[in-house]
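Enquirer: Mind docking chain Z with the ligands on chain X? Use the hints.
Chains X and Z, in that order, give the protein sequences.
The numbering used here numbers the first residue of the first sequence as 358 and each following residue consecutively.
The numbering used here numbers the first residue of the second sequence as -6 and each following residue consecutively.
Derived by calculation from the structure, the hints in this document are not laboratory data.
The model shown is predicted, which means the values in this text are computed figures rather than measured ones.
Here a beta-carbon is modelled for each residue, glycine too, at the ideal position from N, C-alpha and C.
Honestly, I wouldn't trust all of these hints.
Which chain X residues face chain Z? A few, computed with CB under 7 Å, are given here [as the list claims (entries may be wrong)]:
no. : residue
1   : Gly432
2   : Arg447
3   : Gly451
4   : Leu459
5   : Gly461
6   : Ala503
7   : Ala507
Residues from chain X shown here face chain Z by an in silico Cβ test under 8 Å; the list is partial [unchecked claim]:
no. : residue
8   : Ala427
9   : Pro431
10  : Leu464
11  : Leu466
As a plain string of letters, each chain reads:
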Amino acid sequence: MSATALEVVGLSKTFGGLRAVDGVSFAVPHGSLTALIGPNGAGKTTLFNLITNFFRPDAGEVHFYGSSLARLTPGRIAALGLVRTFQSARIFPGMTTLENALVGAHLQLRAGPLQQMSWLPAARREERTLLARAEALLELVGLARARDVAASELPMGAQKLLEVVRALMARPRLLLLDEPAAGLNDSETAELAALLRAVRANGITVALVEHNMSLVMGVADQVVVLDAGKLLASGTPAQMQADARVIEAYIGIDEAAN
Amino acid sequence: MGRHEPADGHSAGEIASGQQVDQALQIVIGGLLQGSVFAVVALGFSLVYRVTGTINLAQGAFCILGALLTYTLEDGFGWPVALAAVGGGALTGVAGLVIGATVFVPALSQLPVSSMLIMTTGLLTLVEGLVLVIWGSQPYALAAFSGEAPIELFGLRVTSQGFWIAGMAATVFTSLWYLLMRTGAGKVLRACAENPLAARLMGISVPRVTLASFALAAFIGGLGGIFVGPITSLQFDTGRFFTIFGFIAVAIGGLGSFVGAVVGGLLLGVVLQLAAGYVSSLFANSLAFGLLLVVLLWRPNGLFAGGLARRSDVREEQRIYPPIVRLEGRRAAVLAAVALLGALLLPELVSSESVMSSLVITFILYVALLGLDVLMGYAGQVSLGQAGFMAIGGYAAAILATNYGWSPLAGTGVGMLLSVACAAVLSFFTMGLRGNYLALATLAFGLLVDSFAVGLTETTGGPSGLVGIPAFALGPLVFDSTVKMYYLLVALIVVLLLLLLGGMRSGFGRALQAVRTDQTAASALGINVARYKLIALCISAALASLAGSLYAFYFHFLSPEMVGTPRSLELIAMLVMGGEGTLIGPLAGAALLTLLPTVIQPLATYKTFATGALLVLAVRYLPGGIYGATVQRLRHWAAARGKTS
Ligand SMILES: Nc1ncnc2c1ncn2[C@@H]1O[C@H](COP(=O)(O)OP(=O)(O)O)[C@@H](O)[C@H]1O
Ligand SMILES: [Mg+2]
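The shape of chain Z in the complex, shown without the other chains:
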């Protein structure tokens, strides 16, 4: 759904026949090959979901890891293709085993489902960052397993790698089926999937089985990447496209159903290739996204009613929830006054332009984070596409102000309206569903916006970006320096904080929090769950959009990279690190991740990896975030002082 599309273009490249039917057949074959890979990723998804009830977003990253490990074994160590492929797959399985044993499985018994999703977001970022550190950001291609010469089949020319891919997908599917349905190990695995409690009573070690299936899924993902490697270009962040297309396949087929994963994958592959072949790849991406939304609305369980319906109340019991951090009123007021004074004086104390600039960026991101906190921290809905709203706000405002002479304020307003409209559509399709569909739909949405930003070169300037954007202005007030932007943002943030504090500390915030932890009990008290989710999503979209506009006006420049999916994932990391559901906390997270790379330049290469690692650690060990930990400290300290005096 963007610049680095898996298995794209190849089938189109192979088309030589002039005949229309042949061409159509070629496209369909290309689609089936691409679909086989989606199906393999989808199988991995379904396996982990069946056993754990969690969607593992890192699944796609294992594809890249497998392919690049194979590349290194082949190219760096001179291993023969077959051996390198086996080695790459095995090493990916080992990586899965390590990540599963140290992070995923221990967290599973402690974290709520939504936190697990965020943790796998962290894992995705972490693996992407690891690949970036080891292999750099350039694209890689593997050598074809049996030469580049295509094979003639009934007058059609099919790439020889295609047979490998089809064979691999068929083998994975039948082996998995055989393992699950015909062996003792499969019986154990199914027992854990269907009733973990009963399985435990029968003496099965559920964590062990979970770990095994997690590693197996990683291995399967690795295989997918290794086999598709020769016909597509892969780089550190291609994994998320595998994740999202694999998820769309799974959503079409039915989450948890193995047949559904295969059918969904193949169907998606064919549809995408046909759309790309006859219209454009931008259209294909939009179609994939549209398909996801339609399936979510029309058949939320997919075509093959996803194996078993997990009871959402089964595993939720012994979960730990973040500590409740509330500052007592008077102390909070004093601290707020001190903080505001400090913020106003700061430009006098900081002389470094780059630090001031980082502060402005921190504040701009904090505006987006305030919205994300309402959505995620209060309403418990995960959005992995906030940067999509930032992009809409940024491009709408920038284009209107630059090309059409609109005032920056009006452009910003239009961006916010557009973003809210998109949020309403997303909400319409996902709000009736429980589980983490919104997260995946927003991830797909973000990637789609990204592909529009890149693809609509005429309007957006394409990958090289939009230049000559004016400074932000309010009537005669023009904010054309870093310090002026700084003060504008301080004022904006004070207003936003007052508004949101007012809302979150009264019935509105309580209703959102009720929705977050128990929708059934919330609706029993007359809370309109769908309505509150909608409002929260709209607020978060509006603020992300506002942040995107300010971002463009501050830099006088906007490129897809600045508001792409990595930005969405970074926002999640900032929020979780700072402290969800606190409004204030995210500022700490934003400052940490923005200022640190500025202050310590060599850190920049490790930024993605560090973001992922910090996110995983924060989800696991710092449930209240930096803010929660600080407030608790403060309380203990105050209590201790109260005792001695």
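Next up, chain X with everything else stripped away, as it sits in the complex:
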């Protein structure tokens, strides 16, 4: 756990005078599960958007396993192994649950359009391998029975789980999850927690934004607290629970959640 997966240095972004993210620095150690918490509007989603270059930062840098992500397109960043999900589940409507999961493996495909069109044995074999993996992952989160259902017809919680599965199909080195448990019921949250532990056990680093404190305290190795665009504190879950400033922000979160 010595290597650093992600290093964020002095990241800032202003939206028409509003400092959404203001000089934030933190590091995500390889193999860890880092939780990002903070009240609504603290800038957590914006931070994710800056890391994956969906927005260009006003200042600051992001390093992924030592190399800078500046100026890379979101697609290139995904190709490096940094894969994210969205706060509002962005599954692809018009495709089944299974197909949605398979889209995630896009970067894994060796065969190009031409090989796929000519039904080359290698291309078919590859498809079958991916299919098996997708089915296994869907099984893990309890979505196996919904594999041929239009993904847009799944309940919100299932869509969010599906989005995590889709991201995992990309075999990421670092997974950024934006509020994966929002909209999940208790059993789905438990499934998510199990999935996250399995993910980490497989050596995939995770950073997630989460409001559900019991989930955060249960699975996170490190907690980073953001408030009004600024880094408030960071440390182990136990340290954060004892931190006065965090408790204050905590109350903010509870109020926001209610």
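Expert: Okay, now just chain Z with the ligands, sitting in the frame of chain X:
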């Protein structure tokens, strides 16, 4: 951009002065007049776009409707000019109100933006078809409002109608500005444009406001047609030229910006008239198209950064998407085998030559539709210019085979390469943009190809067409009869289907589908959105081109009409009716629209109208097309049978 150009030629006709400066001034004045009309159409575009986020392609058709209604009131009912003009404008507004209330506004809250565009394509076709049924296909001209005598102004002779046009454009612009900026109604309208959700919370009936602006835009379009009517010839399909020039004006000025619409319109008018006056009208059309591409690349938001940037994620939420229809593997294989057997035996059963010929045409169009399905059904990119690629394929192959003795196969190949090259250029200019720019760029492209097919008389035979094209041949195999063409097409379609099914049912198809519904999420998964759009457009261009070549070889004849813009719109209708994103479905759409007029001859006059109406209905009520509905039926039936046994 073709045979029936709005307000063309007139200014050139009025030029009497020998002096060069005078001539230039005359041309500029002519351009400003033409530009005023573009500006008025553009204002209508911008109004609807601001409130709904949709580009209403039917906008130009309202110009024709207004002008011809005025003509009938004047000529048929003997109304005085002024009264007829007011009546024509009012009736066009009412038509807008009816179409808006029954079709446009109800669909707005349910359909994705790209489907709305297709729906307005249907509306354009529907109104054109209606005009064709009522007024026929001949050109009309209105009487000038105040006599034909030109007016002398600083030594220049200006047609008196010109003052009417300029006055009308200025009045429309100032009234619209006053309405929007200075009245309560305008405030409400702006609230709906800027934030529909907030407007609804404030108790504003957004659908009502949308309807009002749609009708107002129709009224404005009608006025444009009525005022330009006396100096240009109008017929049922002139509307699409108004649409495309109005759109180019809007693209130059900035979509959604009213000042931009006016500046863009005037600029376009002047540039076009100068180009036509000093070089040729073919050059002017190419220039207009080039201008559109350059603006799209250089300033996608136009000169006057289009009012407000609409957030593409705001309205997309409660949209309905077509049902997912997938046949289960074994059943699909059985059905495919049965269908292939049926197709092979069909010539034995059908004795009628005209039905066989319709089947061949159906299959040729299906080849083009397979490509369009990859582009539209899978990648979600709308192309309104597929017939342009058909024309390139058809003319390239026919000319090479007829005049230069090339083998038909080599000619077809060259056509496909040329089409793919054009597709790549179009893609380069539009793929970085979100929204429906590709649709408009391809529409302009199709009209441009059309005007080349008509204008380059030496090479293409002009409007009367190219004759003496040989039959298609593969080495010693010559396909010189309908039945031989039929079997060739069956073989070709089997190969194409296998290729496309292989592609669409694996990573390639999934990537395209991801691009279709959510480009942001797609790129987050490492999908190169621009690349996949490019590939899809190239496939569709290649197959359309192939279809165009086969079409020419089958008929031994090719005229611009056979591969003009109506054909592009018809292909869209066939695809949507058959079922997008299914590969198989479009065959049903092609068969329906090709065989029906053959079997029921009197239908031919109503074909355009019916195509438009069916397209609108299919977009609205049959989201999975004929194929989707059939497969769902089949599934229910299988499920019911499974339960009882
Ligand atoms: N695209 C945007 N344009 C303007 N303001 C934005 C944009 N995205 C986020 N913001 C603003 O930045 C602040 C932080 O938002 P966000 O990152 O979504 O917070 P969080 O995810 O922590 O709830 C909010 O005040 C929000 O309104
Ligand atoms: Mg957020």
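Enquirer: Are the hints correct? Go through all of them and say.
Expert: Going through the hints against the structure:
1. Gly432: With a closest approach of 5 Å, the Gly432 of chain X hint holds.
2. Arg447: holds (4 Å)
3. Gly451: For Gly451 of chain X, the interface hint holds, since the closest Cβ of chain Z sits about 5 Å away, which is under 7 Å.
4. Leu459: holds (6 Å)
5. Gly461: Where the cut-off is 7 Å and the nearest Cβ of chain Z is about 6 Å from Gly461 of chain X, the hint holds.
6. Ala503: Result: violated, 13 Å to nearest chain Z Cβ.
7. Ala507: Because about 5 Å separates Ala507 of chain X from the closest Cβ in chain Z, which is inside the 7 Å limit, the hint holds.
8. Ala427: violated (17 Å)
9. Pro431: holds (5 Å)
10. Leu464: OK, holds: Leu464 of chain X within 8 Å of chain Z, min 4 Å.
11. Leu466: holds (4 Å)
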